[in-house]
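**Student:** Heads up: the sequence shown is residues 1 to 298, going by my numbering.
Some hints here could point you the wrong way.
[Claimed, not checked] Label pairs and their calculated CB-CB ranges:
#1 Asp98 with Leu134: 41 to 47 Å
#2 Val169 with Asp48: 39 to 45 Å
#3 Gln142 with Tyr271: 40 to 46 Å
#4 Gly167 with Leu269: 38 to 44 Å
#5 Leu162 with Glu82: 54 to 60 Å
#6 Gly264 with Glu84: 34 to 40 Å
#7 Thr158 with Pro74: 55 to 61 Å
#8 Phe165 with Pro87: 31 to 37 Å
#9 Leu186 with Leu134: 17 to 23 Å
#10 Gly270 with Thr17: 31 to 37 Å
#11 Val282 with Phe245: 44 to 50 Å
#12 Asp70 with Arg150: 15 to 21 Å
#13 Arg150 with Gly81: 42 to 48 Å
#14 Phe174 with Gly145: 30 to 36 Å
In short, the hints are calculated from the structure, not lab data. Bear in mind the structure is a predicted one, so any value in this text is a computation, not a measurement. Cβ atoms here follow ideal geometry from the backbone N, Cα and C, with glycine treated the same way.
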Amino acid sequence: MMFVWREAFAGLRRNLTMSIAMVITTAISLGLLGAGLLAVRTIDRTEDLYYSLIAVQVALDEPTSADDRDCSSPVCTGLRGELEANPLVASVEYESRDDAFARFQRIYAGQSILQLVRPQSLPATLRVTMADPLRGEEIVTQYTGRPGVRNVVDQRSTVADLFSFLGSVRNATFGLAVVQALAALLLISNTIQLSAFTRRTEVGIMRLVGASRWYTQVPFLIEAVVTGVVGAVLATGGLVLGKIFFLDRLMSGRLLANTIPPIGMSDVLGYVGPVLVVVGAVIATATGYVTLRLYVRT
Numbered sequence: 001m002m003f004v005w006r007e008a009f010a011g012l013r014r015n016l017t018m019s020i021a022m023v024i025t026t027a028i029s030l031g032l033l034g035a036g037l038l039a040v041r042t043i044d045r046t047e048d049l050y051y052s053l054i055a056v057q058v059a060l061d062e063p064t065s066a067d068d069r070d071c072s073s074p075v076c077t078g079l080r081g082e083l084e085a086n087p088l089v090a091s092v093e094y095e096s097r098d099d100a101f102a103r104f105q106r107i108y109a110g111q112s113i114l115q116l117v118r119p120q121s122l123p124a125t126l127r128v129t130m131a132d133p134l135r136g137e138e139i140v141t142q143y144t145g146r147p148g149v150r151n152v153v154d155q156r157s158t159v160a161d162l163f164s165f166l167g168s169v170r171n172a173t174f175g176l177a178v179v180q181a182l183a184a185l186l187l188i189s190n191t192i193q194l195s196a197f198t199r200r201t202e203v204g205i206m207r208l209v210g211a212s213r214w215y216t217q218v219p220f221l222i223e224a225v226v227t228g229v230v231g232a233v234l235a236t237g238g239l240v241l242g243k244i245f246f247l248d249r250l251m252s253g254r255l256l257a258n259t260i261p262p263i264g265m266s267d268v269l270g271y272v273g274p275v276l277v278v279v280g281a282v283i284a285t286a287t288g289y290v291t292l293r294l295y296v297r298t
């Protein structure tokens, strides 16, 4: 067994530049794959966060908004009762015009837009929390145009652009990862062929003295696995550095701090890192095995 390992590392040293190129290419492709996995994880958390906060807003018309401070008018009471009895609805909360203006002041405190908005600009609203956030459009359809209703807005549509953007980032990352993975596969295949060619005499002698084909091919598979695992480790290290020096600073900005859930170190080291090591080892092993079976004949 020690002989097999010595042969594997001797092959890596003999083709050092090709081995380094293979490790770097593998690291880049796995790093992009890891970035895609983190993007997927972030998108899932963001959707869970926003769907737990999103409500359907049933804005009341001007007469009701102006005169009703506690949803005691017949129009508001009737709408609220219907909504609370609806099986699609989890809860209903009333927000008067004054409450809406106070919330607006808290959100835009210190900004010039406050000078342009008056309480009369904001309607009273029934905030409807859905039992299933994905079915908010049904409430929009049922209550749009009802007496006393100004308009009905499903807040899920307001974050659709955000999810679309995150999905585009994820798809682009995976696309680049596929291209880099193909380059890594070709490099692994070429390196194994070159390594086998430079050691064809030794392998021939081993076959003559009775070594099995599998025994002579194991060192080449070990070379491939080592480069794949080293590439995965480098990719994980790159993701850690990217999180510390780029993502953490980006996510700490006022715009994104409360918009997208942060990516933790456990996401990189505990979730993505092990996946990349396994994927790197499996891809390298499979590529090495196929290359040896198709191109290397001893």
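**Student:** Failing hints, ascending?
**Tutor:** 1, 2, 4, 5, 7, 9, 11, 13, 14
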